[in-house]
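Q: What follows is the residue order along each chain.
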Amino acid sequence: MKTKVTRVLAVSSGGGHWVQMMRLRPAFAGFDVTFASVDADRAADVAPAVFYAIPDANRMQKWKLLVLLVKLGWIMLKTRPHVVITTGAAPGYFAIRMGRVLRARTLFLDSVANAEKLSLSAHLSQRHADLMLTQWPEVAERTGSKFMGSVI
Amino acid sequence: MIFVTVGTQLPFDRLIRTMDGWANATGSNVFAQVGPASSYKPFHIRTRADLSPEAFDEAMDEARIIVAHAGMGTILSGLERGKPVIIMPRRAIYGEHRNDHQLATAAKLAHLNGLHVAADETALLRLLSDHTLLKNGPALASGASQGLITAIREFISP
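Protein chains in written order, with the working numbering: chain Z, 1 to 152; chain X, 1 to 158.
To be clear, the hints were calculated from the coordinates, so they are not data collected in a lab. All C-beta atoms in this analysis are idealised placements derived from N, C-alpha and C, irrespective of residue type, glycine included. There are no misleading hints in this set.
Examples of chain Z residues toward chain X, derived with CB under 10 Å:
no.: 1; residue: 26
no.: 2; residue: 27
no.: 3; residue: 29
no.: 4; residue: 44
no.: 5; residue: 58
no.: 6; residue: 82
no.: 7; residue: 83
no.: 8; residue: 133
All chains, please: the whole structure from these sequences, using the hints.
A: Structural data, given as structure tokens:
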């Protein structure tokens, strides 16, 4: 009998967002995980898992955001994830919105750097994500997001 | 070698100028990733605007001490290697970031083993002269907290 493996799409921008995603990997064991992030060279970190490079963009770079949107949409349609997980920032917001359209379960983990309030991308994603996690209990209290532990 | 890194998005002249002066005074071997073009041109340290992931990992591996802005990628990458990491938060009043969130991050993480927070240039120079910083500590465990891992596993597969 063929068992269906849960497909997870893990999306993050670069730097600290990616490093934090890497620290979540024990949670992905046994699932079919595809990664999307902005540094193509980071593919080696997760091989043999599938890795897609996406453009780096922030809210000031409108045309880059559009390219990001198209690329991420293509990855979404190709991957057809059951679950979308992101550690931010801008790519995470788009991943949550598109994941929801495709009826995936969506989780946004805000960066441990945001010790006082949610980041902008997390704040914008909050009403769209099935689960919004912060890494600080006091931020959870203030924002209605949930605290369930941290990457450190 | 002392590895200095300020991330890819913004310059951080206050940190680079301080490290350049310190390298001049002490003759230390300093390599710095300095980010986008800025007004300050260092003379006594080797610099690169940006590093590939491989070059970044290599510099991290070779460094005795890591000196950086309060960016999570650098902090976690340094502590995962058990290396001393000195962070100086970017300040909005100097135009180094949009806001002072690095100050809050630094304060909240200051308790981490191997992480040292320098509030300003004077504190940074004091830390650099502190020889107890020269030894590696226990490396940060490679995964997130068990609570978070369990919560995410349960979310993926309820």
